[in-house]
Amino acid sequence: MQLSTITQKGQVTIPIQIRKFLQVTADSQVVFIKVANKVELHKAVDIVQLKGSIDTTKKYSDKEADKSVADYLSKDHADKIKTS
Amino acid sequence: MQIICQKIMQTKSKLLDANIILRLLTEDSSKQAEAVASLIRDARPNELELPDVVLAEIVWVLQSYYSLKKPAIITSLRALIETKGIKLNRELLGLIISIYQDNNISYIDAYLAARSKLENKLLYTFDQRLEQITGSKGKTP
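First to last, the sequence lines map onto chains A and B.
Residue numbering for the first sequence follows the numbering used here, starting at 1 and increasing by one per position.
Residue numbering for the second sequence follows the numbering used here, starting at 1001 and increasing by one per position.
Calculated directly from the structure, the hints in this document are not laboratory data.
Glycine is no exception: its CB is placed at the ideal position from the N, C-alpha and C atoms.
Don't take every hint at face value.
Here chain A is said to cover these stretches of chain B; the calculated rule only asks that three of the stretch's residues, wherever they fall, bring their Cβ under 8 Å from a Cβ of chain A [unchecked claim]:
no.	stretch
1	1037-1043
2	1052-1066
3	1080-1094
Between the sequences and the hints, there should be enough to build the whole structure, so can you do that?
If you want it as structure tokens, here you go:
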């Protein structure tokens, strides 16, 4: 457990052990998230870090992608008509 | 005047198409993926705007064209929220993600439920599951 004091400007020092734990250094981005009545802090994972994360052999094509989306939406609509 | 116009052009956000994000994630062309990576890396905070409807398209393509499951889609959505160069409604998308994650509903249903909750608005629908998730705000016309 670590305690920090907030300055007049609202700044707070993240203790060195926590910075090491989160693997953050100067200029790293961190995220604050409300979880119930507390706030969680974590290192930001940005979209560039997910480059190539989708394991696929499919080549992207706007036309093919549009067709899949259209099929998905019509199926979703058909399913909803059945249930509502 | 010209200088002022240039200044405005520089500070205005730029729009992103769904395929920009998709080709980064799939890296089916390493050249294009790298071009997107440097575009996003070099962007000023909130310089690149992802409209709500484009976010929906990204989710639909990931789901239907690449057969991605919810947890993988959510990982990408969270990363978009946490990318400083990208401008999107962070509060809304954060709420959409938590509703989408906790319920067996589609992305668009989660979007509507999140809007209803965040903006305290009634939501008319014939979808009983969505009505339930929206709580007292869900209504059948």
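To see whether the hints hold, each was checked on the structure:
Figure legend: the stretch 1037-1043 of chain B, annotated as covered by chain A; annotation consistent (3 residues with Cβ-Cβ distances under 8 Å, at least 3 required). Note: the stretch 1052-1066 of chain B has 8 residues with beta-carbon separation from chain A under 8 Å; the three-residue rule is met and the coverage holds. Judged by the Cβ-Cβ criterion of 8 Å, the stretch 1080-1094 of chain B is covered by chain A as claimed, because 7 of its residues qualify and three suffice.
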